[in-house]
Amino acid sequence: MGSRASTLLREEEIEEIKKETGFSHSQITRLYSRFTSLDKGENGTLSREDFQRIPELAINPLGDRIINAFFPEGEDQVNFRGFMRTLAHFRPIEDNEKNKNPPATEPLNSRANKLLFAFRLYDLDRDDKISRDELLQVLRMMVGVNISDEQLGSIADRTIQEADTNGDNCISFQEFMKVLEKVDVEQKMSIRFLH
Amino acid sequence: MEDVWAGVFWAMKIWLYLIISLIMFPAMFGFSLGISEAYMTILMKTLKWATLKIQKANAEEKAVNNIPSNGLILRENGSMEKELGELRRSRPKPPVGGDFTLSDCFYFTRRGIESIVEDEVTQRFTSEELVSWNLLTRTNNDFQYISLKLTLVYGLGIFVRYCILAPLRITLACIGLSWLVIGTSAVGVLPNWRIKFWLSEWVHIICYRICARGLSAAIQYHNRENKPKKGGIGVANHTSPIDVVILCNDGGYAMVGQVHGGLMGVLQRAMVRACPHVWFERSEMKDRHLVTKRLKDHVSDKTKLPILIFPEGTCINNTSVMMFKKGSFEIGGTIYPVAIKYDPKFGDAFWNSSKYSMVSYLLRMMTSWALVCNVWYLPAMHQQEGEDAVHFANRVKSAIAHQGGLVDLQWDGGLKRAKVKETFKEQQQKKYSSMVVGDDSNSDSSFSS
Chain A
2 MGSRASTLLR
12 EEEIEEIKKE
22 TGFSHSQITR
32 LYSRFTSLDK
42 GENGTLSRED
52 FQRIPELAIN
62 PLGDRIINAF
72 FPEGEDQVNF
82 RGFMRTLAHF
92 RPIEDNEKNK
102 NPPATEPLNS
112 RANKLLFAFR
122 LYDLDRDDKI
132 SRDELLQVLR
142 MMVGVNISDE
152 QLGSIADRTI
162 QEADTNGDNC
172 ISFQEFMKVL
182 EKVDVEQKMS
192 IRFLH
Chain B
8 MEDVWAGVFW
18 AMKIWLYLII
28 SLIMFPAMFG
38 FSLGISEAYM
48 TILMKTLKWA
58 TLKIQKANAE
68 EKAVNNIPSN
78 GLILRENGSM
88 EKELGELRRS
98 RPKPPVGGDF
108 TLSDCFYFTR
118 RGIESIVEDE
128 VTQRFTSEEL
138 VSWNLLTRTN
148 NDFQYISLKL
158 TLVYGLGIFV
168 RYCILAPLRI
178 TLACIGLSWL
188 VIGTSAVGVL
198 PNWRIKFWLS
208 EWVHIICYRI
218 CARGLSAAIQ
228 YHNRENKPKK
238 GGIGVANHTS
248 PIDVVILCND
258 GGYAMVGQVH
268 GGLMGVLQRA
278 MVRACPHVWF
288 ERSEMKDRHL
298 VTKRLKDHVS
308 DKTKLPILIF
318 PEGTCINNTS
328 VMMFKKGSFE
338 IGGTIYPVAI
348 KYDPKFGDAF
358 WNSSKYSMVS
368 YLLRMMTSWA
378 LVCNVWYLPA
388 MHQQEGEDAV
398 HFANRVKSAI
408 AHQGGLVDLQ
418 WDGGLKRAKV
428 KETFKEQQQK
438 KYSSMVVGDD
448 SNSDSSFSS
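Protein chains in written order, with my numbering: chain A, 2 to 196; chain B, 8 to 456.
No false leads were slipped in.
Computed spacing ranges between beta-carbons, pair by pair:
| no. | chain 1 | residue 1 | chain 2 | residue 2 | range |
| --- | --- | --- | --- | --- | --- |
| 1 | A | K183 | B | D415 | 33 to 43 Å |
| 2 | A | D165 | B | S139 | 52 to 62 Å |
| 3 | B | A387 | A | E76 | 56 to 66 Å |
| 4 | B | T53 | A | E182 | 55 to 65 Å |
| 5 | B | K362 | A | P93 | 32 to 42 Å |
| 6 | B | H409 | A | N167 | 53 to 63 Å |
The list that follows gives simulated cross-link-like pairs (lysine-lysine, DSBU-like), each with its CA atoms no further than 30 Å apart:
| no. | chain 1 | residue 1 | chain 2 | residue 2 |
| --- | --- | --- | --- | --- |
| 7 | B | K432 | A | K41 |
| 8 | A | K41 | B | K332 |
| 9 | B | K428 | A | K189 |
Simulated from the structure, these hints should not be mistaken for laboratory data. Just so you know, these numbers come straight off a predicted model, no measurement behind them. Using N, Cα and C, we set each Cβ at its ideal position, and we do this for glycine too.
This is chain B alone, in the form it adopts within the complex (with noise of 0.2 Å):
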């Protein structure tokens, strides 16, 4: 009995040196040994080599319209104008009074019939929909069977996530997380040197990349000329906790965020200890000049680190951006956009808050193949002169969009747990009544909004 116990602690003992030298060591200094290299190149031979064989077996199946979306209908997206001048045109207007036929009604019916079955918005907060399967047992839609091979590569598939690369990126996540309190704390100790904000540079991008190590992440930096610099405002397209982690591989960040309790807590004041991040308390967070005279002071210190804000406010599934909110951009300084993308076919990266508590969520990143991502930093871009911040917001959304290859939607994130605003509503009623009535009324009827 005693030698089977000694024999296990001395497998994980060996375990933990070969993490610590293979994987640990290495990516503390920012080198890679190969290994992970190695196992994305099997990892996208043996993805293509499924699809092929899923695509084979369906190819009775797949009709003749070989569609690329992956929509469920295809929208009619003419204007109101457009659509009513074409219903109306079974009859001529009528010399006085309103312009109303019976069949206005089907225009409005359409959209909506159309929005039951498939809307811009509510496929935001669930996950994104993979064109083709990428073997893995949550994204399986429509399972059928095909080939002995394909299930055994899929069960294989299953053994390696959960049995060798789950416990391997737990163990580092963990050692990379203890290590981000104790470094911190232990940098937070020495006095106001020029070596202090050297070391705790370094102690954050250590943990980092360990951690990112834990999720198996390959990131893939554009245009790094771009990067946010010290006294600006970084600004990215929010899809999980987890784009922290992609962003501070590549360089020190303040974060600005909620205080919390538990462990989240504890890191949050381990890491302010080694350098200046932004935690509001709750109560702050309500006083919205409060927050904007704190981030101002932040930024207007040069020396501080550039703060990084995710102006869309919840996370959505990277398959869009939707409206940023107006408050980080009335901060004043230079705004470093950032667009980040995963790639869907080795993980879903979005967190579905209500669905999936942030322990779930990150036992089914470590489980998933991997998490590829591609960092693009754009080039900085001001407030320009008589703008206002709704609009410098979009124009900051609208690049964020086009280089990440996202949809520009103009909703709010917020529609994930709120409702829509009466207003939009009254805008159609409005443009309906000028359709009506039309522009030129000569009656005593007043367009109130």
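If we strip away everything but chain A, and leave its shape as in the complex, we get (with noise of 0.2 Å):
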């Protein structure tokens, strides 16, 4: 319910959101009603299983990853400001004009850290690089049982084939930004807020 959410979230944090992500007052809050609905063990923190509830996210071929991404490297919680610099990576890139105050440093949903997002999801075990093997998972992953063995290693081949310039047969975060570079990321990695 809503009137335990606006009380626990201090007017200060709510300024310190605001800068970092670029969202409005009453997104934070409305937002921060979204997080105290999700966060049914109500100790300010979301686990996965908080996340695997909601039936549409389950459903996702890829909410495993999409989940994994708000979770920081080897922790199982994560608070409502890691919640929020998750998805200020899907904020529209127009609204930074409406900000009086552009940020120093480059914002959380600039193309660039859209796309690095996506990249994330890809690389499994975090080391920069997207090898054939976690390409083949990911694609698993997306497909289900409905493609064979050897068509997935063809088009993981094929897609590293294109993309690899440096010849070691992983992609890296330059590659991938260079393939895609010609894809509408802004508008395709963009969720149009509301208020």
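Build the complex from these two chains, which are given one at a time in their own frames, with help from the hints.
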């Protein structure tokens, strides 16, 4: 319910999150409501099970990878700051013009950061490279049992071949960005928040 | 000291007599003295005034986008084919092998994040968010001090609701329930003459009417010519146990449900003495054939009252209708759909059973402004030739959703507690696979489901 939410989130915290992520005041309070409604344990953090409880996310083929993106390396709980930081990647880019003080560092929802988010979905061991194995695993998540190993293997090989420019048989983040330079990342990796 | 007690006792007697004469008797005989109507008019005027005040105060904050919807995000509802097609536009389709690009994950990522921010299902299991505040503490999302007058009205509202209305309603509810138990037991003693049937109906309706007054319920029935008839099955969307009171105010139904202990058990046993209801033991509920057979037997007896079933199987927050379980639609017999829609401005009728017990829920109901709802009786529906139960159930569900202005969802209400089935994920994977390898694949990959 709503009344509990706004009392636990202090104004200073809202201001900090505003500066860091670019969300508006009302967006932050509403997202905090959402955060608390997902937090069944009521301990101020979300676990992986809390995310899995969302049916639409549980049936998403990349659901596990998306959930994983919220959790920092080796941790099992994410607090509201972390939650907002991850969601901030999906703010539309044109919203940055509305900000009177543009942040000194690159905003979380820049084109490069959006691509980095997608890159990390593939990069399972977080070593900044997408290996053939990792690509195969993610492909397998997306297609389920419907495509044979051989065919999936050849798709992975072809994808790496097209992207790999330095011959190490892996895709680095630079190579990743190059392959997708013509894709409308701004629109496809953005969610239209209201208010 | 004695005088004080005598005075209190005397005041309580007066209070009780007032209630009985001004509220109970009119309720029993179905006419009204106009007190509740006057209350409702004042209430609506007050709420409208409050809304205007709040809107004026927020006028500067409300930005250029004056969006009527209550949602957090605007979803891009393109299909998988459309979205992936747009993503792949930037490169030509490879001549051989599968059609995959690294940007395919964008589609799933965005859908996933959208569902984290706002999804169709989990929001149905918590109370509906109001567009504008209705002066109740419980619905206060983002309290900002607006004006002295508003705060005074809010404070007055608290006093009226907790100190005047709540005791009144609790008294009425107690009277109503005890009357139900006593009356039905008394009628149950009579032998099976026609008069017994008539008396039992009368007893039931009276105490439901008293209970309805106990909740300050203002119910509007539409299309009463379509009311469920004997030997039929009444089917309605489920928001709370109070749905039973709402529907039974306008006619007798045979209830279907599990045998409970405690107060509910006493009520159940008393009710079944006066006229046949269908109560199942917990163990019997597991046996679907037994359940279907008992219901079939009841329905085929044309002298018995129509049964009332809530096919969703659980309470939903009255913004949507979730999957109807096909069991009720396999019994045969005529289905009479009923749509119930509560007006959330006056009080939130949804029972969040994981958050509130039955008693605290009833207390919340009794300290709301009122319970305003609309009941639409829809024309009877029959299972058509060659139509299976699932399809029939969906047809009835759509009719109810459409009439009540509710969202028609395919999701199962059981997701409140249970995990979603893996088959839905497999469906998504299969769909995506067909976009990667295409339907006319000439390799030896096989499509297994």
